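Engineer: Sequence:
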Amino acid sequence: MYSKRQLLQKYLHYYLTASNGKGHGIHSPFVFDFIKDVLNDKRNFYAYSQIENLREQLLNNKTIIEVEDFGAGSVVSKTKERSVSDIVKHAAKNKKLAQLLFRIADYYQPKNMIELGTSLGISSAYLASASPKAKLFTIEGSSEIAKIADKNFQSLALKNIRLETGNFDNVLPGILKNISKIDLAFIDGNHRKESTVNYFSQLLEHSSTPSIFIFDDIHWSEEMEQAWEIIKKNDRVTLTIDLFFIGLVFLKEDFKAKQHFTIRF
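Read in the working numbering, the sequence shown has 22 at position 22, and its numbers run on one by one without any break.
It should be emphasised that the hints constitute simulated quantities derived from the structure, not laboratory data. Every value quoted in this text rests on a predicted model; they were computed, and no experiment measured them. Glycine included, C-beta positions come from ideal geometry on N, C-alpha and C. It cannot be assumed that every hint is accurate.
With a Cα cut of at most 27 angstroms, we get these calculated DSS-like pairs of lysine-lysine [claimed, not checked]: (1) K133 x K181; (2) K95 x K10; (3) K159 x K95; (4) K111 x K80.
Cβ-Cβ distance ranges computed for the label pairs, FRET-style [stated by the list, open to error]: (5) Q226 x S143: 37 to 47 angstroms; (6) N20 x N178: 39 to 49 angstroms; (7) R236 x T63: 41 to 51 angstroms.
All chains should be built: construct the whole structure from the sequences, respecting the hints.
Structural biologist: Now the structure itself:
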């Protein structure tokens, strides 16, 4: 993984070179609409306060649990024992990004969603709340974290989430057998190049157009940047948007040529 200094340098480069996030100079109608109606939607949606209240409760929870990690590990902790507060502080998507996930799901209304990396369920709750008629299949590697996430879903009365526990490599194939089509996938776990590309390939086999893939931490390490470049070059990928902390991939039939955008967010 990159050091904090390296990440800061990369972020500054991104900020200075990215499109300004207002849609000026964007010639793609699809991307312009995304910026206007999704990225810059300032409405305070109904689910926001409930989920952020849950986040505050978790931030005040000092319970220590044992964490299993099948991925590239934590940036802030090398021990298996961590507090709930520490996990939500460092592993959960922050308010800005989590609410963007909500707006993406709300705007495009996917029917079947997959999330690799449930953590304590903050991002899961945003995705599931945005599209109540959809099904969200989410996988968490750590059984202790999954137990808390499940309780969080119950407290929010979310009935459209199916939570599975275990190594993505073992659990994902079984889920994919029972899904006819994936409309949205959020890949937020195991930040390794080979694993990320492998999960993308598996999910791609069960996706048709239009579909959306969201990759977390695409600039977190050299490996993740390499994985992002491989994904962008895939023949079925027609449009990508780099928001630095996450990367969006759109599969659409009506684009004649690949389009890649870097937009300030």
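Engineer: Now tell me, hint by hint, if it's right for this structure.
Structural biologist: Against the structure, the hints:
no.	hint	result
1	K133 x K181	15 angstroms, holds
2	K95 x K10	22 angstroms, holds
3	K159 x K95	22 angstroms, holds
4	K111 x K80	36 angstroms, violated
5	Q226 x S143: 37 to 47 angstroms	31 angstroms, violated
6	N20 x N178: 39 to 49 angstroms	43 angstroms, holds
7	R236 x T63: 41 to 51 angstroms	44 angstroms, holds
The structure is inconsistent with the numbered hints 4 and 5, although it conforms to all the rest.
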